[in-house]
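Asks: These are the residues of each chain, in order.
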Amino acid sequence: MEFAELIKTPRVDGVVLHRPFMPTVEGTLCLTGHHLILSSRQDNTEELWLLHSNIDSIEKRFLGSLGTIIVKCKDLRMIQLDIPGMEECLNIGSSIEALSTLDSVSLMYPYFYRPMFEVIEDGWNSFLPEDAFKDLEAMTDEWRLSEVNRDFRVCTTYPPLVAVPRNVDDDTLRKAAGFRHGGRFPVLSYYHKKNGMVMMRSGQPLTGTNGRRCKEDERLINATLRPGKRGYVIDTRTISVAQQAKARGGGFETEANYPQWRRIHKAIERSNVLQDSLVKLVEACNDQSHSMDRWLSKLEASNWQTHVKEILTTACLAAQCIDREGASVLVHGTEGTDSTLQVTSLAQIILDPACRTIQGFQGLVEREWLQAGHPFAQRCSMSAYSNSKPRHEAPGFLLFLDCVWQVLRQFPCSFQFTEQLLVLLFEHAYASQFGTFLGNSAAERVRLSLPEKTVSLWSWVNRPQEIDHLSNPLYEPNSLVIWPSVAPQSLLLWEGVFLRWNRSPRCQEEAHEEMVHIIEYNKELQNKVNSLRRQLAQLETQEPPLQTP
Amino acid sequence: MEHIRLPKAENVRLLNRLSPRRSCVGTLYLTATHSIYVESETQVRSETWVLHSLICRLEKQVNTSTGSPLLIHCKNFQVLHFVFPQEQDCVHIQASLQRLSQPEQYEELYCFSYKPNVDEAERKEEWSFLNLKAEYRRLGIPNSLWKSSPVNQSYKVSDTYPAELYVPESATQHVIVGSSKFRSRGRFPTLSYYCKDNQAAICRSSQPLSGFSARCLEDEQLLEAIRRSNPRSDFMYVVDTRPKLNAIANRAAGKGYENEDHYSNIKFQFISIENIHVMRSSQQKMLDVCELRTPSMANFLEGLEGSGWLKHIKAVLDAGVFVAKAISEEGASVLVHCSDGWDRTAQVCSVACVLLEPYYRSLKGLMVLIEREWVSFGHKFSHRCNHLDGDSKEVSPVMDQFLECVWQLTEQFPCAFEFNERFLIAVHHHMYACQYGNFVGNNQRERQQLGLRDKTHSLWKHLWDTRGDYINPLYRTDNCQSQGVLRPSTAPYCFKFWSGLYNRFDRGMHPRQSVEDYLMAVREETVQLEEQLASHKEQIEKLENKPEWTGEAEEGPSLSWGLAPGGFVPQAGTPQDYSGGFIASSSPCQQRSPVDGLAFTPPQNQTSEADLSVGSEQESGIADVSFNSQLSEEGPGEPDPDDAAYSAA
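Going line by line, the protein sequences match chains H and L.
FYI, in our numbering the residues of the first sequence are 15 to 563.
FYI, in our numbering the residues of the second sequence are -19 to 629.
It cannot be assumed that every hint is accurate.
[Said to hold, decoys possible] Below, simulated DSBU-like cross-link-like pairs (lysine-lysine); rule was C-alpha separation at most 30 Å, straight line:
#: 1; chain 1: H; residue 1: Lys189; chain 2: H; residue 2: Lys294
#: 2; chain 1: L; residue 1: Lys522; chain 2: H; residue 2: Lys542
#: 3; chain 1: L; residue 1: Lys291; chain 2: H; residue 2: Lys294
#: 4; chain 1: H; residue 1: Lys403; chain 2: H; residue 2: Lys74
[Stated by the list, open to error] To be clear about the criterion: a stretch of chain L counts as covered by chain H if any three or more of its residues have a C-beta under 8 Å from a C-beta of chain H, and this derived list gives those stretches:
#: 5; stretch: 140 to 150
#: 6; stretch: 279 to 290
#: 7; stretch: 471 to 480
#: 8; stretch: 501 to 509
These are computed hints drawn from the structure, not numbers from a lab.
Quick reminder that beta carbons are idealized off the backbone N, C-alpha and C, glycines included.
One chain only, chain L, in its complex shape (with noise of 0.2 Å):
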């Protein structure tokens, strides 16, 4: 509470990018964990929630005429544009906010002070929802050519590995200690995923340390072991995600790549991926892109063919279906590595997982994969997505091109995958929130010093609980796209621009009315009515079996609530500014202003995905019917209060 100077800031104007003539005024309010913006001068009570956890950027503009104005960047790619009448507000405002959105201890962060309403034995449970040995062992693993090692318990052999590692039944405690030695971070060849069906395995570490010529040989008898525990193939493969370029620099350090020569029967093969600073600065000049106010068709594609996003995006998703195709057609087991073996290394063997395995498509599946290939395996959350005032150089958008590579891949394959894009989007958001304990802290050995399984919860079960609003009801386990090994098609054309997430928050821009949602209407309906089917049959069987009927029957539930054209109206929206300013009127308030509803509730009450999800049922435009209650008094038939406005024009 001390990094509050001003904890509530009256007449503040929230701009809205699209349509200015949507804006509002209201109250901003500064707790410690959220800033909530009140709109004043509304029938219903509006609000926007902000956690501070999520601010990524303050950026404090030039006074107008009309006040000085604030714009908060999101990490959720949310923007909230404040223009206050007083300056000393702003200030104020500013320098708290940036204090409270930055800070400098873990504990300060908001998952150790998030307390829904759920007793300590229900929260340790949380934590086991998901067993990463359980998730070895469906794999097949332990077997006779994989083992557990004990060799990392303590964190002791690399400080960011997780404590339980599978290696070669062949590998010793001492090929194992010493080929660590010889990669960068003791990160040294472990496994990743294994094919039950063909024994092929995914390894994955970081960089050898051979310069110009240092070579180890536990580290090669290592790679043999590996080798040998895929008996069917006589050769494997050594992937390095980097540049080839990038690896040849890093041979000066005394880092660098694998020698074919040293190491028997590997094929060696560099897959381009840019390190995490370009693919910071292209995120953000994708960012720049969305944020344009009134682009042409060639300013956005301009930019985000200049952003290199969609290429970067690409680059992930070929070496993916690389490591997928080796394993998968050719049988051969893969290594793969970067630098570290935690960005581009964590991406490439996720994505391949994805395509080998329907398990990894489904919505227990993909949490386990990034559980398993990110939160144990040591990608740098906290760094990555800055929880902590920190380096700005070490944040970066791995993570999120993984989730947007699974996207891209839904949007080829709308029957194979069990969840929908709102789960990749809750998933991208609580990476950043920091509401729950599973994304904080950089490795297992910090999270564990940490405590956070004994002092927050978990996302997991949490997502789980909340299933209903993830699902694809397109999914079905039988048909072609679910089973085997997906081949997606990467020419560039089938890359799309993510919308429903670089512009979450402009609800305008997205379909009005979700197949998806219809579609869950449909099977929610569907289910009461084969239970309604079911009541009718019994009762019909006992007045046809029973003479002596005694009135008990009663009229099965009505069906008033179903997918009547009321319960699904769609919202046709305003109008948008199509005359380029020509035409200066048009409704001012259609709709409630794209961020209120995306707002956090108080924690103590509610979760936030059921925002999350009030959230895209909105985006999309679909009311449910209370909602369409709110609306239908600003409904189309509604004479537009500018009118006046535009005959003056």
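Isolated chain H (complex conformation) (with noise of 0.2 Å):
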């Protein structure tokens, strides 16, 4: 195996490795293709089994021939291991340099992964388009599924089938891709069952310095209209990115050219900057001065909660012009791949009480990130602590995900999961077993057999004691809306994945398992009171008085 080439030292004894608020363990440190494994050897739970794909970067120190390597991972987490002997340091540091940043996707774990668990249902089959549509058509026939993008020539982003509206041909839409920024075309993101709205995402209209237009873009979504009403676009950028968007071939919706449609346009970071932040937020979690003012100014000139509340502002309004102004929306950005997915998944969450189930969050991600063609494996090769330069590295997802912690602490009742399903999607689309988020489209994953030679993470959530373990206990089915708070006051920072490494976790788990606590012994008693109830009205029937009063 070319692995063996990458290991230079495989096995070095009396590692000491210190943990966060864990006991250090003293042990051997053993390099694998995919693993880097530390074992006491005394019992098997003092090991620590870390993907090489979750090593964001690594620092070596040296003391005397005493060498220490400090791990930094993409899940934030930091580690150090003592390693005896300057050779053995040094051999082991660009063995794990080399290991967690390979080139070749075929040779990530993915590929080599075998479940050690039963799969009840594979993964790769519970979210298709095909029955996401069908719930579609039990509310409404406006719209179908197109195969226009069968082979992926028609948008190499998009997945084979998209809704759309039913009267727009495939030749419309063939048109309508080639005006939109990376050929993806208006299509259906979510159908508001409410009042007929949908929520409409592409890319950006390709109009240009002068003005081009598309009687195919336009008419196809004016066709989501109904008679007289106007729409609403959402692009996610300022009105001055995207005027200079026009000298590289983009733009915007003009008024003159979409008569029936009003502009807004909101302020979503980019890529770059977004990455930027991370890592400024994460250096200032990690920060060990004491001081007040050095954490308030590093928190916030990282600028992360101003990105969390203009995202989930966005979001709020995308929602509120659906279900309060009763019009439809077409949100895009640039490629219409990154905030405007942001945008999209958030309002559904806020809209949908189906979205804030653990299927239905699950199909949510499905949908509008993997399916959507969201570059998973660009944007999360890297994390906070990479020390190359980054290409295409954002953390546009994290975002996402912290977004929705956020509704989720707002409204703590109606989210049938907790935050632990948002904590373990961000480490899955950073480092993992499973191949759910390897690749940056559909397209890419068919090209990698990803579903034929990998597993779906799905097939591993959604087992009983998973499910059993992410549930929220406190779940009560809320058919509402629920508008989030976008107040500084009520946006806070995501503790449970920046501080989550810097102080223990004891208190927070007490807390939680005596909620459970409580919430479980009322079940038990109803069901004995319900029993017993039966068991009486059984006494009655079975023993009718003897006198009569």
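Taking the hints as your guide, dock the two standalone chains into a single complex.
Replies: Put into structure tokens, the structure is as follows:
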């Protein structure tokens, strides 16, 4: 195997491992093709199994012949390995660096991973577009599933099946695709059952500097409007950014050509700005100084919370247009693969109770992120500790999860899942034994044969024991639209991710256990009372009164 | 009544800061104790009550085309923005409120006219609910090391100290009196807290009058006696809670701090907590940030940092942690002082107690702690809370900071405290409201002279009677957080902004569903289920043992009131202004305006906590059944009355 060449020293004894809030462990360090393993060899509980792909960067230090490697993980954890022997330490270090930055997808762990659990339902088939469309068909006949992108030729980043207005034919779609960035013609993202309004998403229109127009594109989106009604275009960029895009062939929907649409510009930042923000935020959280001023000014300077507020506000605005104004909405930014998806997916969390269930949320991630062509492989290849210059990395998905957490915190009883599911998705988006987040689009996933060669994350998540673990004991289905507050006072730092390794989880875990206990005990009593009541009723019928009162 | 220049103003608009479209029109009535705003044009009578003693600042703004605006800033952080159509009305109301909210004499305070329906015997009983003597006994005091000292029985040695004080067994009257003459305001070192487990003690005092070189043999002897009262430690800490520079500056005025060379076996330590003036302006800066209309995240975080508020909270908690560690880990006694020993000293001693002993994390324990460290030791409540028209330089949120420290701890240790956030907010509220006599006056001597125990009601008994509202459902006495010493992290990121207090009246900002209320409802239901279970068992036994059943058994109470989702429909509320004004519509009255539910009901028939709890309930967005029915008409399925406005926009 090729990995062997990269592993200069496969095994070192007497290595000491330091992890946050866990006792130090001394044991043997082993490197395999995909894992860094440390075992005390006393009992299995003291083992560390770390995926190389989870390693963001490493730092080496020497003190005499004792070497220390600080391993910084993509899930933001930092662990320290004290390795006796300078040569061993150097070898281990360079091996980890090589193994954690493998270029070829086919060498990734998901291709080698064999599940140790029984797959009840194959996650690759859990959320098929045709199934989602059946639900839509039950509500309306105004939409159809088009196969125009069957072979990924019309749009390389769209799935083979997309929902479009019934009375718009595939030819029109093809022409509209030519007028949209990346061929991402407007498609259905969400249908609001309550009033039949819809949310669509697309890439930016390619108007360019000379104001090109495309009748088919206009017809396509106008087909989604009710007679006499107007719609909203939510452009996630500021007006000046959108103006500048014209010079590069992009642009926005002008009033003249789209008279039935009102355009609103918001200011969601682009990839590289977000990545920079993440790096700064994580650095602030790891700052060892005890100065409050320093912490608050670094937190502010990172702008992370500003991004959270802006994204959530835009999603609320989209939801408001649909639910309150009774208008249809088209959302796009530039490519339509990042800020657009943040907005459309969050708006659904707000509007659609189904998205707040465990299954529904997975479906949302599958539909609005994976199928919709968010380039996970590019965006999540590096996290906050990486030393290399970012190319396409951006924490857009993490920001989405953060926003969901904010809503969850404000409506703690309206979600079927807990924060744990969000943390789990964050971890797996960056490093995983499952193939779900590999590749950049549906087309790539087909080319990489992921469904055939890897296990889906959903296969793992949707087993009873895992569902149980992720379930929110407070959940009471809530059929209403939930409007979160976006005031700065209402948006908190997501401790579960950003301060996760800075403090002991003990107290919060205890609180959660107590919560579960209170609810479980109540259910137990309810069952007992019900069964006694039945018993009582039975006794009463078996033994009719002997005397009449 | 002679202060009311205008008893009633009509067509007054009450503006809603966060969503202007939810503003309303009504009539403002002035009474001797409250201002009452009654909304007109609503089917349901909606009233906002403002207690005059809670008003801290009246701000008359420049007239606009719609009228004369008057902002009423309250000490509980409520801000009411009225607009009067007649300028004359506004001027009169302002002048009246100015006077009504700043009584010149204690006798004008609300507690002297507050007469709930309680007979005299019961009222007297209220005041014996907390007994500090019993509290010292609980701590194991007096014992062979510490004795009660009669020295201040008639407040002669220190007129700001309580009559009942505890000192080392070996401290003679001569030593105590000698020491008291060497301390500001005669506040000599005396026992605050005693740790039964290791005999270490927290003592408190004011600064020594050491100037540049003065010393006092008796004071040195008293400290030595304190150290000896802890036989297991060969040294003690003296903690000066002021910044070093401030302490040094005091030396020029003949005051200062202990010289380590003069006192045997002391370790002297400065812990920088800023003075009352810094704290006052810091809180004001923070409140200015809270009141920004639509702040950006950067505005907010910059403002929060600029106010320095969390930095000060951290300083107080850090100091408490230092003292708690000295006691629990080093087994050393600690003397804590600042300048006068009634502000920072009270903060640090009481925070340390909360950290050290689980009892102080219980409902009654926190009451006792506040009664001992704050009320009895002479925290100047009347000055700090500005109960009477007085020196504005004496006002400072010192006690606010203590309550916030406790709140910060409850965030870190969610199962360690018997009480909830609402309890802390209720205490905060009553500190300023003067409805009860507990926090009136500046020290025990003053309170005795005012005859508060004879003329007013006590808060503690009242809070205890309504404790159902204040219980933390996650509290368990047997988990590891509620036992032993709390060791909080004081890393900066552990401190949060307390929007529950400072933005208390901006209901839209708070989580719309409360985990706590939900769990309390579950627990209540559980109690009922337990009763049903018992009664069913009994009936079954009866049936099985007694065949000649007579048909008396009835169905158990049905659980229809229980946790059906209908009883727990979270109010989704309305969208806020997400568009930055782009979309001008969105419904104006989805929720009732955030002020009304928090009003005070007439004092005669209801207590204010009931209102407090109603307020919190609405803040959390969890509607109870009755409230729900009121809201159903505005449910999200309803068309927006303002749609027309939108299409025109």
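Asks: If a hint holds in the structure, say so; if it does not, say that too.
Replies: A quick look at each hint next to the structure:
| no. | hint | result |
| --- | --- | --- |
| 1 | Lys189/H <-> Lys294/H | 43 Å, violated |
| 2 | Lys522/L <-> Lys542/H | 18 Å, holds |
| 3 | Lys291/L <-> Lys294/H | 22 Å, holds |
| 4 | Lys403/H <-> Lys74/H | 20 Å, holds |
| 5 | 140 to 150 | violated (count 0) |
| 6 | 279 to 290 | holds (count 8) |
| 7 | 471 to 480 | holds (count 8) |
| 8 | 501 to 509 | holds (count 5) |
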